[in-house]
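Protein chains: 2
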Amino acid sequence: MDNLKEYLIEKGKKAQLAARVLSTLDTDSKNKVLHAMAKALENNMNSIIEANLMDMKNGEEKGLSRAMLDRLLINEKRILDMSEGLRQVSELPDPIGEITKMWKRPNGITIGQKRVPLGVIGIIYEARPNVTVDAAALCLKSGNAVILRGGSEAINTNKVVANILSNACKECGLPEGTVQLIETTDREAVNMMLKLNEYIDVLIPRGGKGLIQTVVKNATVPVIETGVGNCHVFVDESANLKMAEDIIINAKVQRPAVCNAMESLLIHQNVAEKFLPIIATSLSKLGVEVRVCGEGKKIIVSSTKDEEILKHIVDATDADWDTEFLDLILSVKVVPSLDEALDHIYKHGTKHSESIITENYSNSQRFLNEVDAAAVYVNASTRFTDGFEYGFGAEIGISTQKLHARGPMGLEQLTTTKYIVYGNGQIRK
Amino acid sequence: MDNLKEYLIEKGKKAQLAARVLSTLDTDSKNKVLHAMAKALENNMNSIIEANLMDMKNGEEKGLSRAMLDRLLINEKRILDMSEGLRQVSELPDPIGEITKMWKRPNGITIGQKRVPLGVIGIIYEARPNVTVDAAALCLKSGNAVILRGGSEAINTNKVVANILSNACKECGLPEGTVQLIETTDREAVNMMLKLNEYIDVLIPRGGKGLIQTVVKNATVPVIETGVGNCHVFVDESANLKMAEDIIINAKVQRPAVCNAMESLLIHQNVAEKFLPIIATSLSKLGVEVRVCGEGKKIIVSSTKDEEILKHIVDATDADWDTEFLDLILSVKVVPSLDEALDHIYKHGTKHSESIITENYSNSQRFLNEVDAAAVYVNASTRFTDGFEYGFGAEIGISTQKLHARGPMGLEQLTTTKYIVYGNGQIRK
Numbered sequence: 000m001d002n003l004k005e006y007l008i009e010k011g012k013k014a015q016l017a018a019r020v021l022s023t024l025d026t027d028s029k030n031k032v033l034h035a036m037a038k039a040l041e042n043n044m045n046s047i048i049e050a051n052l053m054d055m056k057n058g059e060e061k062g063l064s065r066a067m068l069d070r071l072l073i074n075e076k077r078i079l080d081m082s083e084g085l086r087q088v089s090e091l092p093d094p095i096g097e098i099t100k101m102w103k104r105p106n107g108i109t110i111g112q113k114r115v116p117l118g119v120i121g122i123i124y125e126a127r128p129n130v131t132v133d134a135a136a137l138c139l140k141s142g143n144a145v146i147l148r149g150g151s152e153a154i155n156t157n158k159v160v161a162n163i164l165s166n167a168c169k170e171c172g173l174p175e176g177t178v179q180l181i182e183t184t185d186r187e188a189v190n191m192m193l194k195l196n197e198y199i200d201v202l203i204p205r206g207g208k209g210l211i212q213t214v215v216k217n218a219t220v221p222v223i224e225t226g227v228g229n230c231h232v233f234v235d236e237s238a239n240l241k242m243a244e245d246i247i248i249n250a251k252v253q254r255p256a257v258c259n260a261m262e263s264l265l266i267h268q269n270v271a272e273k274f275l276p277i278i279a280t281s282l283s284k285l286g287v288e289v290r291v292c293g294e295g296k297k298i299i300v301s302s303t304k305d306e307e308i309l310k311h312i313v314d315a316t317d318a319d320w321d322t323e324f325l326d327l328i329l330s331v332k333v334v335p336s337l338d339e340a341l342d343h344i345y346k347h348g349t350k351h352s353e354s355i356i357t358e359n360y361s362n363s364q365r366f367l368n369e370v371d372a373a374a375v376y377v378n379a380s381t382r383f384t385d386g387f388e389y390g391f392g393a394e395i396g397i398s399t400q401k402l403h404a405r406g407p408m409g410l411e412q413l414t415t416t417k418y419i420v421y422g423n424g425q426i427r428k
Numbered sequence: 000m001d002n003l004k005e006y007l008i009e010k011g012k013k014a015q016l017a018a019r020v021l022s023t024l025d026t027d028s029k030n031k032v033l034h035a036m037a038k039a040l041e042n043n044m045n046s047i048i049e050a051n052l053m054d055m056k057n058g059e060e061k062g063l064s065r066a067m068l069d070r071l072l073i074n075e076k077r078i079l080d081m082s083e084g085l086r087q088v089s090e091l092p093d094p095i096g097e098i099t100k101m102w103k104r105p106n107g108i109t110i111g112q113k114r115v116p117l118g119v120i121g122i123i124y125e126a127r128p129n130v131t132v133d134a135a136a137l138c139l140k141s142g143n144a145v146i147l148r149g150g151s152e153a154i155n156t157n158k159v160v161a162n163i164l165s166n167a168c169k170e171c172g173l174p175e176g177t178v179q180l181i182e183t184t185d186r187e188a189v190n191m192m193l194k195l196n197e198y199i200d201v202l203i204p205r206g207g208k209g210l211i212q213t214v215v216k217n218a219t220v221p222v223i224e225t226g227v228g229n230c231h232v233f234v235d236e237s238a239n240l241k242m243a244e245d246i247i248i249n250a251k252v253q254r255p256a257v258c259n260a261m262e263s264l265l266i267h268q269n270v271a272e273k274f275l276p277i278i279a280t281s282l283s284k285l286g287v288e289v290r291v292c293g294e295g296k297k298i299i300v301s302s303t304k305d306e307e308i309l310k311h312i313v314d315a316t317d318a319d320w321d322t323e324f325l326d327l328i329l330s331v332k333v334v335p336s337l338d339e340a341l342d343h344i345y346k347h348g349t350k351h352s353e354s355i356i357t358e359n360y361s362n363s364q365r366f367l368n369e370v371d372a373a374a375v376y377v378n379a380s381t382r383f384t385d386g387f388e389y390g391f392g393a394e395i396g397i398s399t400q401k402l403h404a405r406g407p408m409g410l411e412q413l414t415t416t417k418y419i420v421y422g423n424g425q426i427r428k
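Line by line, the protein sequences are chains A and B. Using numbering that gives the first Met the number 0, the letters of the first sequence correspond one by one to residues 0 to 428. Using numbering that gives the first Met the number 0, the letters of the second sequence correspond one by one to residues 0 to 428.
Looking at chain A on its own, in the form it has when it is part of the complex (with noise of 0.2 Å):
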């Protein structure tokens, strides 16, 4: 493309437009358009899943890991979720409008806060195309325009999606600049996209660190970080150890390769002689390599003979507790104190998900307190931390920065506040 930056101011300039236009359209409107793209969807399938075979083929023909192939691929029955999810996305409650407080000052002025869209949010995505219709109609819902920069893996499918999102807004009457792709799989195009502060409210980076890191390092225009999660379990010395057992399973072997999956597994020495030899033997049934602390493989190689167990068990190094793994792979340190895993958690952490698992009322709100992180749990699996699991009806991430949203995003996460001021006559003394 010659003129890359005229082409993306040029959709700037149309996503201002559009969100201008979006910020007041009432909720039914709103909900008619998702409707209306659920619709669309159904109606050209073909079209979507012959632009999947192309794609799935030239993702073949690179090389693609099976899993990346899988999350590109589109049938039938992923296009209904898709449309499924529109039509969900139009039953949640709009937030927009809504008056969060408001309050009179003795001058009479009465000042409310109310909940307005973004304006414009950027989303820059890699492989799965379903984010693609995610992203948008999540967007609409909450009165937002949307530029869309998916992965080049998954070109010709986004451009088909957007087109019939985008096809389908236009009928529906709302401006060309309600949703739009990058059509070009330039990388330069990302670049410039992390510098369009005039046009460009927020953006929002969903994929692996490597994505999240540039547009991190490199955006000028606001970023909702998400993503990361080097996350802890701590078992405590008075812990269930049959619910410690339960919960690290799940938070390790459910999906692994998730940022909510435990990476790190920190068991107190009072009972690391009685519950090492239990996990370990579960996870190693599992799959789980468990690369453990010295400590910790001097109990597990003395508690059994049994090869298929031994055989999952490594000397964990430095780095290990500085990886998220997003694999069957788990680092197990023993520590001797709360004080001791509240450090290691403090050095070593990404500040997503963490969880204690303990019987004791001081310990359970001691972590509580103390550990800095996004969702912090007691006796629950760190699975959890996610927009549906919240009871949010939606996901368009999990923030792990501090600034604006934090932990699992849903509608509410896709909008700002500003002040309405009701006077009558009222100036400053």
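Please keep in mind that the hints were generated in silico from the structure rather than gathered at the bench. These figures come from a predicted structure and were not determined experimentally. Take the hints with a grain of salt, since some may be wrong.
Computed list of lysine-lysine pairs in PhoX-like fashion (alpha-carbon distance at most 20 Å, straight line) [as the list claims (entries may be wrong)]:
1. Lys61/A / Lys38/A
2. Lys194/B / Lys194/A
3. Lys241/A / Lys346/B
4. Lys4/B / Lys216/A
5. Lys216/A / Lys346/B
6. Lys346/B / Lys346/A
7. Lys273/A / Lys297/A
8. Lys346/A / Lys38/B
9. Lys13/A / Lys346/B
10. Lys169/A / Lys158/A
11. Lys158/A / Lys13/A
12. Lys194/A / Lys4/B
13. Lys216/A / Lys428/B
14. Lys194/A / Lys208/B
15. Lys428/A / Lys194/B
16. Lys113/B / Lys100/A
To give an idea of the interface, some chain A residues facing chain B are shown, with a C-beta separation under 8 Å as derived from the structure [as the list claims (entries may be wrong)]:
17. Asn43
18. Glu60
19. Gly62
20. Ile108
21. Val201
22. Phe387
Derived list of chain B stretches under chain A, where covered just means 3 residues or more per stretch with a C-beta under 8 Å from a C-beta of chain A [unchecked claim]:
23. 260–266
24. 391–405
Glycine included, every Cβ here is placed at the ideal spot set by N, Cα and C.
Start from chain A and add chain B according to the hints.
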């Protein structure tokens, strides 16, 4: 300074350690420190004034403007104001620890959203040394560690003041990283601070447009943008013209150099003939230069032959509509309708503070709904956009961005939240 980078990282590390302690400090302890700080300032008046004399002398030699020198000046009265400010902050409610909501999910986990400090806040500001005290007080009360970087003009004063505050913290048993000043005037220190993501959670620049743009454009640490206000007042055709006159004079003249002062006046054409001569007379008598559109000029010129008035009337240029004068200058435009007023504000406003003067219900509601700004007023002066006027009891600045905080920022805006989750063994299905 040879090892500037190391120097900054050292400050960052100390700040992080302090932040960990401050995050769990109870309100009484924080208030005790604020009182100790106030006392310490009063006990060290002479050394502050001595250091300030050096800054004043350097400033005069450098040829700083009178306004700048006035902002730089510290005398006994101003020290007492600062210590009084510290005591006032101790009276404010502590935002930390509030559970903003708490709910139970069908699986039995109870999720609470708890207000917690941001962590380490970096404040970058210009000539006024009282910001050193204000910022330290607000950050401490909200449980944050602060790294201050003041203007080079005030370096001697800031060093002494920051040292007094920091010693007061130490004497109360707080870590030395609680309040820290960057003690070099090397500009490179600012550039490094902007990229200290590992140690600083949020940057807040306070100062002129140049400073703020430097921070926004170069920081990789999340920034809260404060400042620029090209604020409008629109006099609708149904306006109470006496009220309009009072509000316009207040918004323009009461303190022209601040961001919530009015910079541009829009007048509905149906009242222009009647109102423009009145307001032009009032403003010119107060020394305001009126930069007016062609239509408006005709009206004024044909209404008076008074040279005292006419010498204040100037032709507006296109650039005037986008200029934040921060002075006794006002751009004035006659518009044919509310729609045109809204369009003008959309094109030229900076989303800070906008006001409509009207007696028409529907127009008031349209203005409140359709103007995208931090604060939108009906029949009141734009000058009210201020933390104290809004009843927050404090102000760290006025955010003009949409992420995290918008409008006047008090203690609450220096916090984030974390989710605390009480379970009894729940795992994700």
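Going through the hints against the structure:
| no. | hint | verdict |
| --- | --- | --- |
| 1 | Lys61/A / Lys38/A | 33 Å, violated |
| 2 | Lys194/B / Lys194/A | 16 Å, holds |
| 3 | Lys241/A / Lys346/B | 63 Å, violated |
| 4 | Lys4/B / Lys216/A | 18 Å, holds |
| 5 | Lys216/A / Lys346/B | 30 Å, violated |
| 6 | Lys346/B / Lys346/A | 48 Å, violated |
| 7 | Lys273/A / Lys297/A | 13 Å, holds |
| 8 | Lys346/A / Lys38/B | 37 Å, violated |
| 9 | Lys13/A / Lys346/B | 14 Å, holds |
| 10 | Lys169/A / Lys158/A | 16 Å, holds |
| 11 | Lys158/A / Lys13/A | 18 Å, holds |
| 12 | Lys194/A / Lys4/B | 26 Å, violated |
| 13 | Lys216/A / Lys428/B | 36 Å, violated |
| 14 | Lys194/A / Lys208/B | 18 Å, holds |
| 15 | Lys428/A / Lys194/B | 41 Å, violated |
| 16 | Lys113/B / Lys100/A | 18 Å, holds |
| 17 | Asn43 | 34 Å, violated |
| 18 | Glu60 | 37 Å, violated |
| 19 | Gly62 | 33 Å, violated |
| 20 | Ile108 | 5 Å, holds |
| 21 | Val201 | 6 Å, holds |
| 22 | Phe387 | 10 Å, violated |
| 23 | 260–266 | violated (count 0) |
| 24 | 391–405 | holds (count 5) |
Consistency note: the structure conflicts with the earlier hints numbered 1, 3, 5, 6, 8, 12, 13, 15, 17, 18, 19, 22, 23.
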